[in-house]
Amino acid sequence: MGNRVKIELNSRISYVDLLHEMTEDLARRAHFAKPAALDLALAVREAFINAVKHGNGMDENKKVEVEFERNAVWFRVRVRDEGRGFDWDHSPDPRAEVNLDRTSGRGIFFMKNFVDAVSFNRRPGKGTEVVLEKRIEPPARGQAEPGRSQ
Amino acid sequence: MKASVRHHGKVTVVDLSGKITIGDGDIKLREAVNALLDEGRKAVILNLHGVSYMDSAGIGELVACYKRAAEKGAKLKLLNPGGKVQDLLILTRLQEIFEIFRDEREALTSF
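Chains as they are written, first to last, in the working numbering: chain G, 1 to 150; chain X, 151 to 261.
Please keep in mind that the hints were generated in silico from the structure rather than gathered at the bench.
Treat each hint with caution, since some may be false.
[Said to hold, decoys possible] DEER-style ranges, computed between Cβ atoms:
1. Leu18(G) with Gly200(X): 19 to 27 Å
2. Gly105(G) with Gly232(X): 46 to 54 Å
3. Gly168(X) with Arg95(G): 21 to 29 Å
4. Ile7(G) with Lys225(X): 39 to 47 Å
Note that CB positions come from ideal geometry on N, CA and C, so glycine has one too.
Start from the sequences and build out the full structure, keeping to the hints where you can.
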């Protein structure tokens, strides 16, 4: 990909698989190994679901903007909703004994575990932005960039 | 996600394949387990060998199935989680809740 790709999606949960595939593909082109590309896609998946459910309140007319950006060192994904945002500060620890059998509440935890850095930015009057960053693994010597012929 | 059911006497094995994620796999998993619990099945093994990955909704549904089974006096156990699924079970500490087996025969005789 070029250095930056931006897409805008309606708030439909069904779009998450499309976004997942796109993320994995872009990550592979950026030299991520398959497991790392899957981790990034899983993090983006959780950010998108949060944006649709908790950010935009499942309102299909509201948009989720996803921006992919890379340089030689890192791959960054910004996921922005345009709703009321969500409370990331008070998400309970799903690994705490008392929360182990909860049926929800693992989305933010997954994001934090699948990438190297996560930040949440309130955009007053505009919603929330989640920024996911993963360091790019340098390709092995002589290895072609995935998706490009030699 | 696909789910196919095998019965071994009183024990039922559900072979799952694909991904267990929001809006598809989680719903199919719920339907498959609910159908067995409604039939009165008390011993269920979820064979995760063919499951490539799960998201938080899939993990949540797995926990929900475990709790529904317990409410109905049934037991739900896991068999053969693969690389990523195994990682997720460890990451979420769910391996401390579920009985997890590598060998199907051992799982079948554990009830």
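Quick rundown of the hints versus the structure:
no.: 1; hint: Leu18(G) with Gly200(X): 19 to 27 Å; in the structure: holds (23 Å)
no.: 2; hint: Gly105(G) with Gly232(X): 46 to 54 Å; in the structure: violated (25 Å)
no.: 3; hint: Gly168(X) with Arg95(G): 21 to 29 Å; in the structure: holds (27 Å)
no.: 4; hint: Ile7(G) with Lys225(X): 39 to 47 Å; in the structure: holds (45 Å)
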